[in-house]
Amino acid sequence: MFASKKDSALLDWLEERFTIKEELEKNTTKKMVPPHINWLYCLGGLSLTIFIIQVVTGVFLMMYYKPTPELAYGSIEFIVKEVPYGWLIQRVHSIGANTMIILVMAHMVRVLFYNAYQKPRELHWISGIFLFGLTLITSFTGYLLPWTQLSYWGATVGTNMPGSAPIIGEWMVRMSRGSEQVSGVTLTRFFALHVVVLPAMISAFAGWHFVMIRRTGVAGPF
Amino acid sequence: MFASKKDSALLDWLEERFTIKEELEKNTTKKMVPPHINWLYCLGGLSLTIFIIQVVTGVFLMMYYKPTPELAYGSIEFIVKEVPYGWLIQRVHSIGANTMIILVMAHMVRVLFYNAYQKPRELHWISGIFLFGLTLITSFTGYLLPWTQLSYWGATVGTNMPGSAPIIGEWMVRMSRGSEQVSGVTLTRFFALHVVVLPAMISAFAGWHFVMIRRTGVAGPF
Amino acid sequence: MVDGTIDSDALSKRRKFIKGLIGFFGIATVAGVTYPFVRYLQPIKQQEGEGRVEIAEADLPPGKAVLINYKGNPAVVINTGGGYIALTAVCPHLGCIVKWQEEEGILFCPCHAGKFDTDGNVLAGPPPRPLEKFPVRVAGGKVILGGV
Amino acid sequence: MVDGTIDSDALSKRRKFIKGLIGFFGIATVAGVTYPFVRYLQPIKQQEGEGRVEIAEADLPPGKAVLINYKGNPAVVINTGGGYIALTAVCPHLGCIVKWQEEEGILFCPCHAGKFDTDGNVLAGPPPRPLEKFPVRVAGGKVILGGV
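Protein sequence lines, in the order shown, are assigned to chains X, V, Y and A. When we follow numbering that gives the first Met the number 0, the leftmost residue of the first sequence carries the number 0, and every step to the right adds one. When we follow numbering that gives the first Met the number 0, the leftmost residue of the second sequence carries the number 0, and every step to the right adds one. When we follow numbering that gives the first Met the number 0, the leftmost residue of the third sequence carries the number 0, and every step to the right adds one. When we follow numbering that gives the first Met the number 0, the leftmost residue of the fourth sequence carries the number 0, and every step to the right adds one.
Check each hint, because a few of them may be wrong.
Reference excerpt, derived from the structure (chain X facing chain V, CB under 8 angstroms, subset only) [to be verified]: (1) E15; (2) Y64; (3) I212; (4) T215.
What follows is a set of in silico ranges between Cβ atoms, one per label pair, in the way DEER data are often shown [as the list claims (entries may be wrong)]: (5) V/F209 <-> X/L23: 47 to 53 angstroms; (6) X/K20 <-> Y/A9: 50 to 56 angstroms; (7) X/G73 <-> Y/N72: 47 to 53 angstroms; (8) X/C41 <-> Y/A27: 46 to 52 angstroms; (9) X/K20 <-> Y/K15: 42 to 48 angstroms.
In silico lysine to aspartate or glutamate, EDC-like type, Cα no more than 16 angstroms apart, as pairs [to be verified]: (10) A/K141 <-> A/E56; (11) Y/K70 <-> Y/E56; (12) A/K98 <-> A/D116; (13) A/K70 <-> X/E81; (14) A/K132 <-> A/D118; (15) Y/K44 <-> V/E179; (16) Y/K70 <-> V/E15; (17) Y/K63 <-> Y/D8; (18) X/K118 <-> V/D11; (19) A/K70 <-> A/D116; (20) Y/K44 <-> X/E81; (21) Y/K63 <-> Y/E103; (22) V/K118 <-> X/E81; (23) Y/K141 <-> Y/D6; (24) V/K25 <-> V/E14; (25) X/K118 <-> V/E179; (26) A/K98 <-> A/D118; (27) Y/K98 <-> Y/E131; (28) A/K114 <-> A/E102; (29) A/K63 <-> A/E101; (30) Y/K98 <-> Y/D116; (31) A/K141 <-> A/D8; (32) A/K63 <-> A/D8; (33) A/K44 <-> X/E179; (34) Y/K98 <-> Y/D118; (35) A/K44 <-> V/E81; (36) A/K141 <-> A/D58; (37) Y/K114 <-> Y/E102; (38) Y/K70 <-> Y/E131; (39) V/K118 <-> X/E169; (40) Y/K63 <-> Y/D6.
Keep in mind the hints are simulated off the structure, nothing from the lab. C-beta atoms are modelled at their ideal positions from N, C-alpha and C, and glycine is treated no differently.
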């Protein structure tokens, strides 16, 4: 950056109050990127980028989406056909979901092959596992929302899975559906998880993930 | 805390990887609370507590709520009358909204009377103003969701307000409604703002607010 | 390196040019990404709200009124007995929709109890100005607003 | 302070007691707050899904089937021509709802193409076991499941 007079005045103002200069230098201007970094180290950051795109496009889809069995499909059709650029936002959101899963998996493969999950980065890997699981569940819950035949049976099969667990399996199936079979209650429930609970959890785990990587530095060289 | 063997083993494990002991001591065990603190200093923390309660109860209300003009009121009636403890969660959320506004305002009055907004805490006050505004807008958008006569006309009057602004006023009215008059589009739009956009913005501003207060310490003694 | 020396004037010019280029493409990108989102949020023009509205005279007996969508905004058409009158239904106070009260022969705004007579004049309440009137004509058993 | 001395045994006991008290009330509070939220999420029992189900014989001509809610779960009642048969409609593979195919005289699961005959036996596809059968009786022109 070309430090202009204006920049330093603002910085001085902030420094006087919060003494952030040292912190700022350590984390930005004087932060050293190790020389062994290659483009495979981008995969985590790309996952975050896609996540942000998903949040933004998701919020815009919510502006017209109606989470009821009677209106869900029609409201998405309305977005795609009637709302200006609705087709674009819907398409980006739908492709983004698949892309995000691929990027997260690629990121995990990179970490695995570089042995980057080893000490001192065990917790990075564990939080990453949670992030991967949350990404999958978010995609799964989002898949039901258009309420098509495919998404209906997808949700039926998916929510049936915990039923294999002993003792609490049946209970988990019923809690995840909110009814005996996949129904309108399942739809609003999945909607709430998809638009609030899961994104909030992903943000929290991702924040934890990033703070740790700053603390320990990236792995390598190998 | 009674430091048990287990505690220190975990702490050592974390210390070895993240060197957090110093940070942790500075911010928790060795953090000094100034002696001039009185119960009026609780108001900010109480606002946060209510906000968390609102997020949790709000997520649970979303599990059954349907943001369409035809079904909105009925779905809330269903929550209150049919869903176990739905009346409790709905009541807490509705009373919580009013309580939060009162607490935020009381917090602001305290800061104002103690001159705590003065240097070096100008940004605390400014972020607080944003938090106050966001709290009001969140309550306002939530007020439409039951789609009663009161909430319908409340939204009509509220969205009419920016119309007084010169030049872009009319445009702002139409953008906030998503239609010429308050309609089903307004409902889904307010819903998206109420459950995702505004809570996310409040969280972000609150985080900023708290980091700053840790940086400068609480104001006083006076 | 006498040959390789770049005079500082040229360097500064080049830097300015590159900065401008980056700025231009930056702004273009931001605008290009923002535009669809803004358009997405804009109200969708409803076809039925445009232009000409026709109401069958049989649907509007004396003393009754109907709420219609006229040029994208709600309007009320009243049969006063002595003729048809069309007024905007949007209260000039805070934008609520006025309702026809047959018994009293007035238009009533539910938000702050504004009252209007059949000519749109304010009888009571906070409205700052009368309701706008639209020309109406009757042809072929139909009450017609707008169009020609 | 010979009088004021508290023997360390009593102190440790008291500490334990207070710790236990805090622990007890802590757990009680958490449980008390969690309980309504868990109950809130549990499926609401539907009255119509319980106990006895009656279908008029006229509504179920030979070759046809109806999907009903029997004891909270979907069930299918088929008139095979030779009599009435009631089976669970939940596919034992992954829980999808099977559909009666009149032309082929089979029950078909749309998820992974499982096929069952009218006795619930698996004809094709991945289902690991047959569909459960429910006893049916006919009385007073009605096909009856459950109850006594």
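A quick look at each hint next to the structure:
| no. | hint | result |
| --- | --- | --- |
| 1 | E15 | holds, 7 angstroms |
| 2 | Y64 | holds, 7 angstroms |
| 3 | I212 | violated, 11 angstroms |
| 4 | T215 | holds, 6 angstroms |
| 5 | V/F209 <-> X/L23: 47 to 53 angstroms | violated, 19 angstroms |
| 6 | X/K20 <-> Y/A9: 50 to 56 angstroms | violated, 35 angstroms |
| 7 | X/G73 <-> Y/N72: 47 to 53 angstroms | violated, 26 angstroms |
| 8 | X/C41 <-> Y/A27: 46 to 52 angstroms | violated, 24 angstroms |
| 9 | X/K20 <-> Y/K15: 42 to 48 angstroms | violated, 29 angstroms |
| 10 | A/K141 <-> A/E56 | holds, 5 angstroms |
| 11 | Y/K70 <-> Y/E56 | violated, 21 angstroms |
| 12 | A/K98 <-> A/D116 | holds, 11 angstroms |
| 13 | A/K70 <-> X/E81 | violated, 43 angstroms |
| 14 | A/K132 <-> A/D118 | holds, 7 angstroms |
| 15 | Y/K44 <-> V/E179 | holds, 9 angstroms |
| 16 | Y/K70 <-> V/E15 | violated, 71 angstroms |
| 17 | Y/K63 <-> Y/D8 | violated, 81 angstroms |
| 18 | X/K118 <-> V/D11 | holds, 14 angstroms |
| 19 | A/K70 <-> A/D116 | violated, 23 angstroms |
| 20 | Y/K44 <-> X/E81 | holds, 10 angstroms |
| 21 | Y/K63 <-> Y/E103 | holds, 12 angstroms |
| 22 | V/K118 <-> X/E81 | violated, 52 angstroms |
| 23 | Y/K141 <-> Y/D6 | violated, 83 angstroms |
| 24 | V/K25 <-> V/E14 | holds, 14 angstroms |
| 25 | X/K118 <-> V/E179 | violated, 60 angstroms |
| 26 | A/K98 <-> A/D118 | holds, 14 angstroms |
| 27 | Y/K98 <-> Y/E131 | holds, 15 angstroms |
| 28 | A/K114 <-> A/E102 | holds, 13 angstroms |
| 29 | A/K63 <-> A/E101 | holds, 7 angstroms |
| 30 | Y/K98 <-> Y/D116 | holds, 12 angstroms |
| 31 | A/K141 <-> A/D8 | violated, 78 angstroms |
| 32 | A/K63 <-> A/D8 | violated, 81 angstroms |
| 33 | A/K44 <-> X/E179 | holds, 9 angstroms |
| 34 | Y/K98 <-> Y/D118 | holds, 14 angstroms |
| 35 | A/K44 <-> V/E81 | holds, 10 angstroms |
| 36 | A/K141 <-> A/D58 | holds, 9 angstroms |
| 37 | Y/K114 <-> Y/E102 | holds, 13 angstroms |
| 38 | Y/K70 <-> Y/E131 | holds, 13 angstroms |
| 39 | V/K118 <-> X/E169 | violated, 60 angstroms |
| 40 | Y/K63 <-> Y/D6 | violated, 86 angstroms |
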